[in-house]
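Could you fit the two chains together into a complex? Lean on the hints.
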Amino acid sequence: MSVLILAEHDNATLNAATLNAVTAALQIDSSVDILVAGNGCQGAADSAAQVAGIGKVLVADNAAYDHALAEAVAPLVAELAANYSHVIASATTTGKNVLPRVGALLDVQPISDISAVIDASTFKRPVYAGNVIATVKSNDAIKVLTVRGTAFDAAPATGGSAAVEAVGAAHASATSSFVGEEVAKSDRPDLTAAGIVVSGGRGMGNGENFEMLYSIADKLGAAVGASRAAVDAGFVPNDMQVGQTGKIVAPDLYIAVGISGAIQHLAGMKDSKVIAAINKDEEAPIFSVADYGLVADLFQALPEFESGL
Amino acid sequence: MKVLVAVKRVVDYNVKVRAKADGSDVELNNVKMSINPFCEIAVEEAVRLKEKGVATEVIAVSVGATQSQEQIRTALALGADRGILVEADGRLEPLAIAKCLKAIVDKEQPQLVLLGKQAIDGDNNQTGQMLAALMGAGQATFASELVIEGDSAKVTREVDGGLQTLALTLPAVVTTDLRLNEPRYASLPNIMKAKKKPLDVTNAAELGVDVAPRTEQLSVEPPAERAAGIKVADVGELLDKLKNEAKVI
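Protein chains in written order, with the working numbering: chain W, 1 to 309; chain H, 1001 to 1249.
Only chain H is shown next, with the shape it has when bound in the complex (with noise of 0.2 Å):
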């Protein structure tokens, strides 16, 4: 079974993002990129499956500029087989993203495609249900958990007020949650080995995707800041404090 593992490049998450003083945008020269957390989540997931033998090939698709090969390699050092770029500029937006994958898709005829949730730059989290739509598939969002049962996979899923399992038919699309896994250090020798698996490049007008941004980020500014208040001494202080000036136990 081959499986799609779709990779982002981010700023890392231990960068604090800030707004540029002209409102356009945010500051990201000289920003520190990593893959997306979400992403390296949903590698290992892959890998993971290869490792014990339920997956035959993992391969680790990136849309973007050309410097997301980057991330690619870091994919391809977690474990995945091979990689491919599809090359696109500008502001990529999630339906841009998800229809280039679906022609990735379309090509590489994948039994899973995994994802992170969302990307912890835009904070989108609609990447995999788009591209589930666009394949006709079943989706499972979310997912703390992953087995794969002859063509179908059982997905545990992360939902509100406790958990949800899933039974979906392949090809399916699963996103990963935060405890599906913990993943590996890419070792220095795996780095290296890296370096020589193969890497395809293409672009979206290759694909046929209309990449036009379908919105307008007009402006970015910083969140309203909240004052910082007082220090109290003791918790005898704090009690009182709630309970007669905040009133609020």
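Chain W with its partners taken away, still in its complex shape (with noise of 0.2 Å):
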């Protein structure tokens, strides 16, 4: 047995949620190799091979794995799988994009979003927007999976000395192309990656009121995500949503602001260390989680909430 990860990263450097797949990876086996594919990756395929754990490092260094295009990436990952009984990649928005593509040219079906893993062939993984963990096993010859970041500890980003190696040919995508990205930007840290979480759901009442969390963010050096129901709403952009359907986070403190609790959200950061919530209802699900639960108007608690930092 030997297991697979797809590493995500910008060329560059790693992504940190390919350390948490390598956590799930070691669990599975011993033997964990790590393929980076894209266009001028050296500096990827470096910071790779000095993770903590890895064999061996594959490099398909190539214009063609430029911006991870799914069908590109997953026909060299289909290949490459050959030799190995496990693939694996963490379940973010290239992860989700990619891995399917391979589970599905192995006739393989893939097992999403693993929040443990209990042998090489048997996992568990949230269901039903969290409601339920499901205990799966797969019957396929390779198992294909993606990973919860946050179930899972990042393996050291150093201690390793892995070998490089070059691979494949490339398999160029004749279906799509790349146009254009547009990088949300911002000096506060990554919501996946920040130690703390300052998010506002409806309760904040419309865009110009998150102006309040940006500016207790930057006192405490904290992302900012939000509900489902606000960025329904329009207060704010999709890639701000913390819940099953949105981004999945632990940090160290998640502060709910005006957030009700559905079930949808919970299961997006109930795995946080510390969880303070302010709402006006006493009788908001969010205080079922909460371990500092205030219930108070937002506009007046927030205001005294940055002067007391």
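The reader is advised that the hints may include incorrect statements.
In silico BS3-like links for lysine-lysine, alpha-carbon gap of 27 Å or less [to be verified]:
#, chain 1, residue 1, chain 2, residue 2
1, H, Lys1195, H, Lys1052
2, W, Lys137, H, Lys1102
3, H, Lys1016, H, Lys1002
4, W, Lys273, H, Lys1247
5, H, Lys1050, H, Lys1002
6, W, Lys280, H, Lys1243
7, H, Lys1247, W, Lys280
8, H, Lys1197, W, Lys280
9, W, Lys185, H, Lys1243
10, H, Lys1231, W, Lys219
11, H, Lys1052, H, Lys1107
12, H, Lys1016, W, Lys280
13, H, Lys1032, H, Lys1197
14, H, Lys1247, W, Lys219
15, H, Lys1247, H, Lys1231
16, W, Lys273, H, Lys1243
17, H, Lys1231, W, Lys273
18, H, Lys1052, W, Lys137
19, H, Lys1020, W, Lys137
20, H, Lys1002, H, Lys1243
21, H, Lys1154, W, Lys219
22, H, Lys1193, H, Lys1052
23, H, Lys1016, W, Lys273
Simulated from the structure, these hints should not be mistaken for lab results.
Okay, structure coming up:
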């Protein structure tokens, strides 16, 4: 048995979520290789080689793999998968985009978003918006898995010295091409990597009121998130959504402001170490998971909170 | 241009799903079933393409039990022209569903297939990507904007940290994210009209698709409960607890 991890990276460095996938992979088997497919991705390959526990780094450096188009990367992964028992990626938008395509090419039913490894074929995963945890066993010859980052600790980014090896002919995408991207510009930390997350819900009333959360976040060095209700209402963009269908976060401190606590939202944040909630409705479900609950009008509480920091 | 839209019958999003006492599966007896919300967004997008004169026909297809006809009728009431049900029983996995959809694609030859990014029951987020692979077609998942330009589709995708735009050669597969559109409500006259629209029924065996599951669901259980903490009296106490008790700020 051996495991192949599809690394997520920006060509220069490895995405932090890949380190969580490494931990999941090492729970399955001690033989773990990592594939870095990109364009000018030597930097990412070098950082992958330093991750503790990695056997080999496979590098596919070709213009075809720029922007990790699924049509290009999936055939490469499927080809390499012949030498492995498991293929793993992070359950990020990139991993979720590419791995099912790999599964179909291999005629394998992938298992998405695993939150625990029971044995080499058996995994736990949340279903029904996190209302239920299913234990699922794969009977396919190759297991194709995406990993919920918050469920596994990050592997040490240094300490390893894996061999780096070039692989594979290019599989350029004939059916899709990259047009452009708009990367959200923010000086704040990334939502899924932040130590503190401050999130607002429908109770914020409008997008302008999120300024109150931004200034608190800046004092705390925190990221700002939102509930699906706030995204649906158009207060903030979708990439701020925390929840089962948005981002899954587990920071040291999660501050929920004006968020009632729909199960959909709780599924995305209830593994946070400490949860604080501010809501004027004392019956709000968010209080059933909050370590510290404050029943108050957020428009009075937030300025006071900020000045007390 | 023909557009195929996949719809799935799922537990209504307002239902709080629980595991059965014996842990064998979730309790689905007597719960309200609906069209998967992301599929509804896909239907809306297809109907808008037809209203703009880009699509000529919108076909709603579902793979599942006989009762899935109800969700196809919902799609027809929203504006789809006709429906196809691929009847199949048991626990259907995304790979099996993608294979059934591929068989329908082979027959109907649509230029665009629209699906929801995930169903709110299994939360797999796989079917569209797998269908695209089986078709050898381009894919754009998590779409927040879709523009058809001649024989290509320009799709903006919601990715971690921002937006990405791809150009796909048609035929292509697009899966919908929340903000692509806001689905309309079906009017009563349209619901009545939908009852008369054609709905063909076939099954997986007729299409030559093996839908036997590749995974086994061994058990289901409720998630670990997080104990509720305490209520604090005011902002001062909250700050004090966070600083001195939890030591997180």
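Hints versus structure:
no. : hint                     : verdict
1   : H/Lys1195 with H/Lys1052 : holds (24 Å)
2   : W/Lys137 with H/Lys1102  : holds (26 Å)
3   : H/Lys1016 with H/Lys1002 : violated (37 Å)
4   : W/Lys273 with H/Lys1247  : holds (11 Å)
5   : H/Lys1050 with H/Lys1002 : holds (9 Å)
6   : W/Lys280 with H/Lys1243  : holds (23 Å)
7   : H/Lys1247 with W/Lys280  : holds (25 Å)
8   : H/Lys1197 with W/Lys280  : violated (49 Å)
9   : W/Lys185 with H/Lys1243  : violated (30 Å)
10  : H/Lys1231 with W/Lys219  : holds (24 Å)
11  : H/Lys1052 with H/Lys1107 : holds (25 Å)
12  : H/Lys1016 with W/Lys280  : holds (24 Å)
13  : H/Lys1032 with H/Lys1197 : holds (24 Å)
14  : H/Lys1247 with W/Lys219  : holds (16 Å)
15  : H/Lys1247 with H/Lys1231 : holds (17 Å)
16  : W/Lys273 with H/Lys1243  : holds (14 Å)
17  : H/Lys1231 with W/Lys273  : holds (17 Å)
18  : H/Lys1052 with W/Lys137  : violated (46 Å)
19  : H/Lys1020 with W/Lys137  : holds (19 Å)
20  : H/Lys1002 with H/Lys1243 : violated (60 Å)
21  : H/Lys1154 with W/Lys219  : violated (40 Å)
22  : H/Lys1193 with H/Lys1052 : holds (21 Å)
23  : H/Lys1016 with W/Lys273  : holds (25 Å)
Violation of the numbered hints given earlier is confined to hints 3, 8, 9, 18, 20, 21; the remaining hints are satisfied by the structure.
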